[in-house]
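Colleague: Generate coordinates for the entire structure from the input sequences, incorporating the hints supplied.
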Amino acid sequence: MQTDKLPQVGTEIDGFQLLEKIHEGGMAAIYRVAKAGIDLPLIMKVPKLGFGNHPACYVGFDVEQMIMEKLTGPHVPAFVAKGDMAEQPYLVIEYIDGPSLHDYLDRGPASIEQIALWGKALADALHDLHRQNVVHLDIKPANVLFRPDGTAVIIDFGLARHAHLPDLIEETFHKPVGTSAYISPEQILSIRCDPRSDIFALGVILYQLATGRLPFGAPTSLSGFRKRLYLEPTPPHAIRADIPPWLQEVILHCLEVRADARYASAAQVAFDLVHHEQVALTARAHRLNKAGLLTIIRRWYKTWSFAAKPCPEPSQHLSSAPHILVALDIPNADEKLLQALRELVRRAVAADAHCRITCCTVEAPSILTEEDQTHELANSLHTQRLIEMRHWAQALALRAEQIRFQVLDGSDTAQALLDFARTHHVDQIIIGARGSSVMRRILGSVSTKVAAGALCNVTVVRVPQAQAN
Amino acid sequence: MKLAILSDIHSNLEALQACLAHAKAQGAEQFAFAGDLVGYGADPVACIEIVSGLVRQGALAVQGNHDAAAVSGLCETMEFNARESIYWTRAQLGPAERQFLQDLPLFAQQEDIFLVHACAESPELWTYITGPRQAGRCMQAAQARLTFSGHVHQPTVYFNLQQGRGRPQVFYPTPGVALPLLSNRQWLAIVGSVGQPRDGNPAASYAICDRRQNTLTYFRIPYDRAKAAQKVLAAGLPPSLAKRLERGH
Numbered sequence: 000m001q002t003d004k005l006p007q008v009g010t011e012i013d014g015f016q017l018l019e020k021i022h023e024g025g026m027a028a029i030y031r032v033a034k035a036g037i038d039l040p041l042i043m044k045v046p047k048l049g050f051g052n053h054p055a056c057y058v059g060f061d062v063e064q065m066i067m068e069k070l071t072g073p074h075v076p077a078f079v080a081k082g083d084m085a086e087q088p089y090l091v092i093e094y095i096d097g098p099s100l101h102d103y104l105d106r107g108p109a110s111i112e113q114i115a116l117w118g119k120a121l122a123d124a125l126h127d128l129h130r131q132n133v134v135h136l137d138i139k140p141a142n143v144l145f146r147p148d149g150t151a152v153i154i155d156f157g158l159a160r161h162a163h164l165p166d167l168i169e170e171t172f173h174k175p176v177g178t179s180a181y182i183s184p185e186q187i188l189s190i191r192c193d194p195r196s197d198i199f200a201l202g203v204i205l206y207q208l209a210t211g212r213l214p215f216g217a218p219t220s221l222s223g224f225r226k227r228l229y230l231e232p233t234p235p236h237a238i239r240a241d242i243p244p245w246l247q248e249v250i251l252h253c254l255e256v257r258a259d260a261r262y263a264s265a266a267q268v269a270f271d272l273v274h275h276e277q278v279a280l281t282a283r284a285h286r287l288n289k290a291g292l293l294t295i296i297r298r299w300y301k302t303w304s305f306a307a308k309p310c311p312e313p314s315q316h317l318s319s320a321p322h323i324l325v326a327l328d329i330p331n332a333d334e335k336l337l338q339a340l341r342e343l344v345r346r347a348v349a350a351d352a353h354c355r356i357t358c359c360t361v362e363a364p365s366i367l368t369e370e371d372q373t374h375e376l377a378n379s380l381h382t383q384r385l386i387e388m389r390h391w392a393q394a395l396a397l398r399a400e401q402i403r404f405q406v407l408d409g410s411d412t413a414q415a416l417l418d419f420a421r422t423h424h425v426d427q428i429i430i431g432a433r434g435s436s437v438m439r440r441i442l443g444s445v446s447t448k449v450a451a452g453a454l455c456n457v458t459v460v461r462v463p464q465a466q467a468n
Numbered sequence: 000m001k002l003a004i005l006s007d008i009h010s011n012l013e014a015l016q017a018c019l020a021h022a023k024a025q026g027a028e029q030f031a032f033a034g035d036l037v038g039y040g041a042d043p044v045a046c047i048e049i050v051s052g053l054v055r056q057g058a059l060a061v062q063g064n065h066d067a068a069a070v071s072g073l074c075e076t077m078e079f080n081a082r083e084s085i086y087w088t089r090a091q092l093g094p095a096e097r098q099f100l101q102d103l104p105l106f107a108q109q110e111d112i113f114l115v116h117a118c119a120e121s122p123e124l125w126t127y128i129t130g131p132r133q134a135g136r137c138m139q140a141a142q143a144r145l146t147f148s149g150h151v152h153q154p155t156v157y158f159n160l161q162q163g164r165g166r167p168q169v170f171y172p173t174p175g176v177a178l179p180l181l182s183n184r185q186w187l188a189i190v191g192s193v194g195q196p197r198d199g200n201p202a203a204s205y206a207i208c209d210r211r212q213n214t215l216t217y218f219r220i221p222y223d224r225a226k227a228a229q230k231v232l233a234a235g236l237p238p239s240l241a242k243r244l245e246r247g248h
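If you read the sequences in order, they're chains A and B.
Following numbering that gives the first Met the number 0 from start to finish, the first sequence increments by one per residue and tops out at 468.
Following numbering that gives the first Met the number 0 from start to finish, the second sequence increments by one per residue and tops out at 248.
I should point out that these hints are in silico values taken from the structure, not numbers from a laboratory.
By construction, the Cβ of each residue, glycine as well, lies at the ideal position given by its N, Cα and C atoms.
Check each hint, because a few of them may be wrong.
Derived DEER-like restraints, expressed as beta-carbon distance ranges [said to hold, decoys possible]: (1) B/Q153 <-> A/D13: 35 to 41 Å; (2) A/A349 <-> B/N80: 56 to 62 Å; (3) A/G14 <-> B/R97: 35 to 41 Å; (4) B/P221 <-> A/V459: 27 to 33 Å; (5) A/T422 <-> B/P221: 56 to 62 Å; (6) B/P221 <-> A/A349: 27 to 33 Å.
Some chain A residues near chain B, calculated using beta-carbon distances under 8 Å [said to hold, decoys possible]: (7) D61; (8) G82; (9) D83; (10) A85; (11) H163; (12) L164.
Modeller: If you want it as structure tokens, here you go:
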């Protein structure tokens, strides 16, 4: 059935012309290929299968074939074709030319802004994977490529897990698999279903980008792996002085040992990386030293009772951590409507404990011409809007990490809200309907436009009116 | 080509019709019946009529323990409800239906597919496949890449490395998600029950194997349970059999 001979450049497999071999490793060879009628640049991955090879050698290939076929969207290479194991096994996917995060790391220390942008791009990509019920489980800089527009693309799904497909990796290995520097504590305990494992790896990458060091080194033994269950990394700020508290907070929040203590979704990490002024700083943000010996011993002792919990599907997990956008127009809304909005948010928070609320208002650009004056006025208006929203939210008594406030600029209120919702993976928009029919007639209905244009759920809140005769 | 595999219909006409209509809408052109056409339910004759019609057009069908009991032999080893419904079923069947059930083979093979009601290792013993050990023995005996069976009313997939190396793994399929049947592995798919689901989900269960794409997709089909249950009561069958249809366990 299978041979250990790799196909020759210049030959053709199922209509794919083999143009050039660009890589040959221990497990597989990669070719540039082309096929008439397909415009994308393509690569073909061919596993090396030879006599005497353990099935484990091609299980990663099987997994990648199965999962790539199910994935869609800009954050993975497009799936094109696959060849059957029984004849000529291969996988043809889109070729991503862009540099990898690994290439960027080689260039030396990057600015804080740049790290945040890369991190946000990777978090966006992870969120998209998790939405599709896939946990990657081998996120590392070499597996993150960038498209020319800055979109991150995740490659190499050989160790990944799809919630609706059999886990061939678990079947084959019966021991933790992954890349030692990036593997999460639960993966070390052979738990292979938690999307927050990828968030841990994202934390390792952010740490590495920020400090140039690996937080847990690259151990080679199981006992070396286990150290991350009780030893914490040196706080990034202690290594690089210009790392701000918010970035340290984000990184260490991703690197929490217990998955429950990490960010609930990659979308939340993405948001915090670009709105750092709103990151809720905890003790993590200012830590400069590692824990003392006693704490470490206590933690070490606890690792032995670290038990695997059944994981929900990634998409189910995400639905318990929704990002809810509350559109507020406080100066023009009456108290009853504001109260009704608050009630709805209160119920949403009660339903999903991991949810993240962002209160948003849209400010039209000022019409004043004097530049300085405009700037100052706009700033004070922004501040005023923020103060109003905080005041509105006070009665909800939410924890600091649950709520964010945002003033958006834009002359088209609905469009500004829709853009924000798309960029920040909003799952639900809560918006009040304009009460006065005169206003609605003149200005049009924002809520109608939002409801029509949104990619997520939209809830339009109205104050019950007495019925007109 | 799409092959729909249905098992454990158990004289439930409403469930059978709903599954067949769904399968046809999905583009299924071939059918395989993994046994237990009768027993428990109130429509043995109508169900046999439908299945025998499809068999005449080329569908595969094998015998299940309830089918065997309905035509001959003793059924004292069966539990009370099963036995009662077999006695009732015997009285309903005419010579043609009896002959059809009698003539069903214990297993069938077609290309790389092995179809059996219970277990390929001694099919006549009606062994329940309840874990990887029995699944492994079944796959080894079947010597086929794909084995489809029923008997256990819980949709389950077992898969193993080729030539039965290693211990089979168990996988519980998600309805509607196509499972790639990797060709370097052996697969045993228990397709669940059309007419008497017992996994807590009262919807009928069956599967479609897409031979071109080499995938297997399970489906759960809601059907008129109230009507089927009503018929069970009207026929004078044990009332718990009607309740079971409503509860799905």
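Colleague: None of the hints should be skipped; say for each whether it holds.
Modeller: Cross-check of the supplied hints:
Roughly 39 Å separates the CB atoms of B/Q153 and A/D13, a value that falls within the hinted 35 to 41 Å. For the hinted restraint 56 to 62 Å between A/A349 and B/N80, the CB-CB distance of approximately 45 Å leaves it violated. Taken as a hint, the range 35 to 41 Å is violated for the pair A/G14 and B/R97, whose Cβ atoms sit roughly 55 Å apart. In this structure the hint that B/P221 and A/V459 lie 27 to 33 Å apart at CB holds, the actual value being about 32 Å.
Between A/T422 and B/P221 the beta carbons are some 39 Å apart, a value that contradicts the proposed interval 56 to 62 Å. Range check, B/P221 to A/A349: Cβ separation about 32 Å, and the 27 to 33 Å hint holds. Taking 8 Å as the C-beta contact cut-off toward chain B, the hint placing A/D61 at the interface holds, the least distance being around 5 Å. At about 11 Å, the closest approach between the beta carbon of A/G82 and any beta carbon in chain B exceeds 8 Å, and the interface hint on this residue is violated.
Interface restraint check: A/D83 against chain B, minimum CB-CB distance 6 Å, threshold 8 Å, status holds. Interface restraint check for A/A85: the shortest CB-CB distance to chain B comes to about 4 Å, inside 8 Å, so the restraint holds. The beta carbon of A/H163 comes within 4 Å of a beta carbon in chain B, closer than 8 Å, and the hint placing it at the interface holds. At its closest, the beta carbon of A/L164 sits 7 Å from a beta carbon of chain B; the interface hint therefore holds under the 8 Å criterion.
In summary, the structure is inconsistent with hints 2, 3, 5 and 8 from the numbered list given earlier, while agreeing with the others.
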